[in-house]
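Visitor: One-letter residues, chain by chain:
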Amino acid sequence: TQLLEQSPQFLSIQEGENLTVYCNSSSVFSSLQWYRQEPGEGPVLLVTVVTGGEVKKLKRLTFQFGDARKDSSLHITAAQTGDTGLYLCAGSLGGGADGLTFGKGTHLIIQP
Amino acid sequence: NAGVMQNPRHLVRRRGQEARLRCSPMKGHSHVYWYRQLPEEGLKFMVYLQKENIIDESGMPKERFSAEFPKEGPSILRIQQVVRGDSAAYFCASSPGQGRSYGYTFGSGTRLTVV
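Protein chains in written order, with the numbering used here: chain A, 1 to 112; chain B, 113 to 227.
I should point out that these hints are in silico values taken from the structure, not numbers from a laboratory. Fair warning: there could be bad hints in the mix.
Quick list of in silico lysine-lysine cross-link-like pairs, BS3-like style, CA-CA up to 25 Å [said to hold, decoys possible]:
{"no.": "1", "chain 1": "A", "residue 1": "70", "chain 2": "A", "residue 2": "104"}
{"no.": "2", "chain 1": "B", "residue 1": "156", "chain 2": "A", "residue 2": "104"}
{"no.": "3", "chain 1": "B", "residue 1": "156", "chain 2": "B", "residue 2": "174"}
{"no.": "4", "chain 1": "A", "residue 1": "70", "chain 2": "B", "residue 2": "156"}
{"no.": "5", "chain 1": "A", "residue 1": "57", "chain 2": "A", "residue 2": "70"}
{"no.": "6", "chain 1": "B", "residue 1": "183", "chain 2": "B", "residue 2": "163"}
The following residues of chain B were derived to be distant from chain A, with all beta-carbon distances above 10 Å [to be verified]:
{"no.": "7", "residue": "119"}
{"no.": "8", "residue": "132"}
{"no.": "9", "residue": "164"}
{"no.": "10", "residue": "165"}
{"no.": "11", "residue": "167"}
{"no.": "12", "residue": "168"}
{"no.": "13", "residue": "170"}
{"no.": "14", "residue": "171"}
{"no.": "15", "residue": "174"}
{"no.": "16", "residue": "180"}
{"no.": "17", "residue": "183"}
{"no.": "18", "residue": "197"}
{"no.": "19", "residue": "208"}
{"no.": "20", "residue": "213"}
{"no.": "21", "residue": "226"}
Glycine included, every Cβ here is placed at the ideal spot set by N, Cα and C.
Construct the entire structure; sequences and hints are all you get.
Guide: Laid out in structure tokens, this is it:
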């Protein structure tokens with residue numbers, strides 16, 4: 001059973017379109033992070049959200065943490081070919097453990 | 113600052129040999145984490161270390177795997193008597209404090225192939 005479910009698994013759209021990808025769980029997370037990973041490289045941190053309902057913007061990327069801290073979304077406006085990559089969400093269950101639980105990711109391809 | 117450095121980038125081992133993976137965290141980062149990524153699987157937490165201490169090894173297989181982060185030098189993930197199922201990408205991440213608050217900086221990984 002995957003603790004963090006990401007959807008869609010694959011997404012291919014045209015440059016200039018908008019898109020939203022989702023990260024859902026039945027568990028409550030103390031914090032949630034989004035990463036982007038390119039082939040052959042490690043994940044790169046995009047954002048950390050901590051408060052339920054929190055919204056953070058990073059240029060054309062908007063991240064939202066659900067009110068109940070069980071889900072999150074990433075919205076990209078006017079997608080560019082450089083946005084192509086694997087988008088991973090990762091949550092911390094808090095307490096004494098500091099390891100993250102990762103979803104399997106959304107493979108995003110932006111067609112020129 | 114070159115970031116989190118992992119070496120080697122690629123490692124090939126025959127079944128039964130030992131694999132040693134090294135990780136030098138970012139300067140100023142005292143928290144180190146190891147993750148494993150299997151094909152078509154998400155990243156799985158293995159172990160969390162601070163200097164000379166293992167803080168959480170709940171994701172580490174009980175046998176053949178060990179990790180250390182000595183006072184001097186890089187963190188080492190050691191896999192003894194490797195088997196084909198150990199083939200994966202192993203990523204190290206570091207953080208200046210608890211990763212869940214500060215976020216992680218990942219290295220480029222070591223791709224282990226067991227033949």
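Visitor: So, for every hint listed, does it hold in this structure?
Guide: Hints versus structure:
1. 70(A) with 104(A): holds (16 Å)
2. 156(B) with 104(A): holds (10 Å)
3. 156(B) with 174(B): holds (15 Å)
4. 70(A) with 156(B): Cα-Cα ~19 Å, so holds.
5. 57(A) with 70(A): holds (19 Å)
6. 183(B) with 163(B): holds (6 Å)
7. 119: Fine: 13 Å to the nearest Cβ keeps residue 119(B) off the interface.
8. 132: Its Cβ never comes within 10 Å of chain A, the nearest being 19 Å, so this holds.
9. 164: holds (17 Å)
10. 165: holds (13 Å)
11. 167: violated (7 Å)
12. 168: Violated: least Cβ distance 6 Å, not greater than 10 Å.
13. 170: violated (7 Å)
14. 171: Since the minimum Cβ distance to chain A is about 6 Å, residue 171(B) lies within 10 Å and the statement is violated.
15. 174: Label holds. Min Cβ-Cβ 16 Å, cutoff 10 Å.
16. 180: Residue 180(B) is indeed farther than 10 Å from all Cβ atoms of chain A, at 17 Å.
17. 183: For residue 183(B), whose nearest Cβ neighbour in chain A is about 21 Å away, the distance exceeds 10 Å, so it holds.
18. 197: Per Cβ check, residue 197(B) is outside 10 Å of chain A; nearest 19 Å; holds.
19. 208: Consistent with the label, residue 208(B) stays out of reach of chain A, its closest Cβ about 13 Å off (over 10 Å).
20. 213: About 7 Å separates residue 213(B) from the closest Cβ of chain A, which leaves it inside 10 Å; violated.
21. 226: Nearest chain A Cβ is 19 Å from residue 226(B), so the label holds.
Violated hints for the displayed structure, listed by number in ascending order: 11, 12, 13, 14 and 20.
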